[in-house]
Amino acid sequence: MPVNRMFRTDPATGLVFHEPADKLMRWNAVAAVVSLLIGGLLAIGVVLTRWQAVHLLPPDRFYQVLTAHGINMLIFWIIFFEIAVLYFAASTLLKCRLATPAMGWAGFWLMVVGALVNNYSVFRGDSSVMFTSYAPMGAHPTFYLGLILFAVGALVACFVFFGTLVVARAERTYRNSVPLVTFGAITAAIIAVFTIAAGAIILIPTFLWSVGLVNYIDSLMYKTVWWAFGHSSQQVNVAAHVSVWYAIAAIVFGAKPMSEKVSRSAFLLYIFFLQLASAHHLLADPGLTSNWKIFNTSYAMYLAVLASMVHGLTVPGSIEVAQRKKGYTQGLFEWLRKAPWGNPCFSAMFISLVGFGFLGGISGVMMGTEQLNLIIHNTIYVPGHFHATVVIGTTLAFMGLTYFLIPVLFRRELAFPTMAKYQPYVFGLAMGGVALFLMGAGTLGVPRRHWDIGFAGNAFPYEFPGAAWLMMALAGISGLIAIVGGGMYLLITVWSVFLGKKIQTPGFQHVRARDGMAPRVVPAAGPVIAGHGSAGMIAPGTFALAMVFLVSFVLYYFVNWKYLSTVWPLK
Amino acid sequence: MTISSTSERVWWKEPLERTELIWIVIALVWCLIMFFMMPYWHLYGQQNLANEAYRAKPADFAKKAEEIIAKHKVREEGPDNLKVPVVHPPAGSDVYLIAQLWRWYPMLELEAGKSYRIHLMSMDWLHGFSLQPENINIQVHPGYEHVVTVTPTHPGTYSILCNEYCGVNHHTMASRLYVVK
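Chains as they are written, first to last, in my numbering: chain A, 1 to 571; chain B, 572 to 752.
Honestly, the hints are just simulated from the structure, not real lab data.
Note that the coordinates shown come from a computational prediction; the quantities given were computed from them, not determined experimentally.
There may be inaccurate statements among the hints.
Unchecked claim - In silico lysine to aspartate or glutamate, EDC-like type, Cα no more than 16 angstroms apart, as pairs: (1) A:Lys571 / B:Glu623; (2) B:Lys628 / B:Asp695; (3) B:Lys635 / B:Asp665; (4) A:Lys261 / B:Glu585; (5) B:Lys628 / A:Asp60.
As the list claims (entries may be wrong) - Covered by chain A, per the in silico footprint, the following chain B stretches (three or more residues, Cβ under 8 angstroms): (6) 580-590; (7) 614-624; (8) 631-643; (9) 656-668; (10) 696-705; (11) 723-732.
As the list claims (entries may be wrong) - Computed spacing ranges between beta-carbons, pair by pair: (12) B:Pro629 / A:Gly125: 23 to 33 angstroms; (13) B:His659 / A:Glu463: 17 to 27 angstroms; (14) A:Thr289 / B:Pro629: 38 to 48 angstroms; (15) B:Lys634 / A:Ser265: 26 to 36 angstroms; (16) A:Met419 / B:Asn652: 36 to 46 angstroms.
Even for Gly, the Cβ is constructed at its ideal location relative to N, Cα and C.
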C-alpha cells in the first residue's frame, strides 16, 4: 500500500504537518464549529425560556431544544474538536505520518452520520429525552443509533491516534519520551476508549429495547452504566483541555513544565481514578450502599481531584517560571501582570484555568460529597457547575487553541483581531455569571430541566423566593451575553477560515520524508531550577494563588456542611 | 518549539520542585480530610441517606399505599377533577408516597419532631423527590422501594416538586407536605 509521506513545515512555528493528518484536523475542527453553531442557536431558546420574564418557548419545544443543546454541545462540538487535538498531538507534535488516514476518514464520516441521525431523531419531536435519556423513558430508535454510530466513529479515530503513536515509535520520529501535550492526549484517548466501551454496553441494549428486541431495561442499571459513559466523557474533556493548557503555555510563553514527573503522574492519576467519579451521579439513588458511594466518589475520586489541583498549580507555575526567566521578577505577581492579556490564546486559557478551578472544581467536589449531594441533587446548581467545567474549562480552552490553529493549520490570518482580543473576556466572564447565578438558584432549590418554576395554573404551586427568580433572570442575562461571546468566536473562526486573508510564505514547501521525519536535535535541557523565584520556590506567585484557591475551597466546603446540618434529620 | 520537546532525562527520574512538593502534600491532606468527612457524618451527623431499599412491583406498592390512605385519610385537597387524599399517619409509622406521571400521591401531613419511615417509589419513569424550601432531593426509581426515615423540624406547608425530567408535563408535578404541631 502506498504511504503518503508528504509534510509541510509551518514557517512561523516550525511545526510539521503531515498532509492527510492536516486535512483530517481541519475537517474535524470545521465539524466541531458547526456543532457549536447549532448548539449555540439552541442555547438562545434555553436561556430565553428559563428566564421566566421572557418564557419564550412552549414546554414541548423547550424540552426538545434543551435535549438538542446538551447533545450538540457536550458530545458533538467537544468530541470533533478533541479528535482534531488527538491528530495534532500524535502527528504534528511527533512529526510523524498519520497511521491509516483512510480509517481516519471512515471514523470522521461515521461521526458525521451519527450526529446527523441523532439530531434528526430529536428534531422529529419524539426523542426529547435529554442528554441523559434515562430509561424507561424511551426515545426513537434513531436517537440511540445516532449516538452509537458517533461513538464507533470516535473509537476508530482513537485507534488511528494510537496507531500513529506506534508508527512514530517504529520510524523513530522523536527521541526520549513523547512530549507532555501528547502524553495528556494519550490520557484523554485511553479514557475515551473505556468511556465508549461503557457507552456501547448501555446504548446497544437500549437501542434493541427501543426496537422491541429487549423487553426490559432496569432504570438503576441504566443510570449506573450510562454515567460510566456520560461522566467519563467529561473526563476525556478534562484530560484534553489540561493538555491544551500546557500546549498554550508552551506556545505563548515557551513554558516548560516545572517537572515532567509531577505533570505526567497527575495525568496517570486521571487514568486510574477518574472513571470511578461517575458514581457521584448516583448519590441520591436507592439500592446502592453508602460504602459503595463513598469509595467511588471520594477515596478514589479525590485522587483525581488531587491531579486537577496539581495541574492547576503546574500550568500557571510553568508560565511563572518562563516569565521570570524573561526578567519579570518583581514581587509575587509581575509575571502575571506583564502577561499578554491582549492575546486571546493566552487570555482564553487563563480564564479557562481559573474558572475551571474556582467555579467548576470546588462546586464539583462539593456536589460529589455523599451527604452534601442531598441539598444539590438535580437542582439547577448542577448545570451551574458543569457550565463552569465544560464551557469555561473545555470550550474556552479550545477557543484559545483555535486562535493559534487558524494561522498554523488553516493558513489564514485571523479576521477581526480586535474582536478576538475581547472574545475570551466576553464569553468567559459571562459564562462565569451563568455558572454562579445558576448555582445560587440551585441552593434555593430551583430544579434543573424545568419549564416553569412559576407553576402557572397548578393546583399546588410552590412559590420560590424572590432571590431565586432574580438569580434566574441574572443567569438569563449572563447567558445572552455569553451567546454573544460565542457568536463572536463563530464569526471570527468562520470568517477567517473561509474568507480570511491567505498567508503566503515564500519559504513554504512540501517536504518528502522517505523514512519518517529525521529527528531534530533537541538542545540539552538546562538546569530545571533557575533560581529566579523567592522563598526557595521557583513559582512563589503561583503558590500564593494556590493558597487563595485552597482557602476558598475549604471555606465553601464547610459552609455547605453547615447548611446541610440545618435541614431535616434523615436516615 | 517547547511544545514538542522533552528533556533528555527519563521523566519519572526528574527532580521534584519545592513549590510542587509542598502543594502536593497540602492538597493530599485536604483530599483525605474531605474523604473522612463522609464516614464522620455517618457516625455523628443527622442527615444521611438511607441504605434501605427493596425491589418491588408497582402494583404491590400501590396496594400498600392505598391501605394506608384508607386507614389514615383526614381530608381531600385540590380541584374536583384532581382530588388528592391527605394522609395523617401515626408517628413512627410507615408511609407510602407514589411518584407517577405527573403527580405525587397521596399528600402527607406529618407532626413536627416525630420520625416517619417514608417509602418512595415510582410507578413508571424516573422522578425526583424535591422537598422545598428544605431543599432535600432524592432520586425516585421505578421498581426500587426506597425507605427514608425523616424527622420534620418545623411546622408549615412544604412543597414536593419533581426535579428529574419526566416528559412533557414534568413541570406540573408538584404537591404539598404539611407539618403540624
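Results for each hint:
For the hint linking Lys571 of chain A to Glu623 of chain B, the alpha-carbon distance of about 9 angstroms falls within 16 angstroms, and the restraint holds. The suggested pairing of Lys628 of chain B with Asp695 of chain B holds, with an alpha-carbon distance near 11 angstroms, which does not exceed 16 angstroms. Of the pairs offered as hints, the one joining Lys635 of chain B and Asp665 of chain B holds, with about 10 angstroms between alpha carbons and a cut-off of 16 angstroms not exceeded. Between the alpha carbons of Lys261 of chain A and Glu585 of chain B the distance comes to roughly 6 angstroms, so the proposed pair stays at or under 16 angstroms and holds.
For the suggested pair Lys628 of chain B and Asp60 of chain A, the alpha carbons sit about 30 angstroms apart, so the restraint of at most 16 angstroms is broken. By the rule of at least three residues with a Cβ nearer than 8 angstroms to a Cβ of chain A, the coverage given for the stretch 580-590 of chain B holds, with 11 such residues. Judged by the Cβ-Cβ criterion of 8 angstroms, the stretch 614-624 of chain B is covered by chain A as claimed, because 8 of its residues qualify and three suffice. Interface restraint, the stretch 631-643 of chain B with chain A: violated (0 residues with C-beta to C-beta distance below 8 angstroms; minimum three).
Coverage of the stretch 656-668 of chain B by chain A is violated [criterion: at least 3 residues with CB-CB distance below 8 angstroms; count 0]. Judged by the Cβ-Cβ criterion of 8 angstroms, the stretch 696-705 of chain B is covered by chain A as claimed, because 8 of its residues qualify and three suffice. Counting residues of the stretch 723-732 of chain B whose CB lies closer than 8 angstroms to any CB of chain A gives 4, which reaches the minimum of 3, so the coverage claim holds. Distance hint check for Pro629 of chain B and Gly125 of chain A: the Cβ-Cβ separation is about 28 angstroms, which falls inside the suggested range of 23 to 33 angstroms.
The given range of 17 to 27 angstroms is respected by His659 of chain B and Glu463 of chain A, whose C-beta atoms sit roughly 24 angstroms from each other. Hint check: Thr289 of chain A to Pro629 of chain B, Cβ distance near 24 angstroms, so the stated range 38 to 48 angstroms is violated. A beta carbon spacing of about 57 angstroms between Lys634 of chain B and Ser265 of chain A contradicts the range 26 to 36 angstroms that was offered as a hint. At about 57 angstroms, the beta-carbon gap between Met419 of chain A and Asn652 of chain B misses the expected band of 36 to 46 angstroms.
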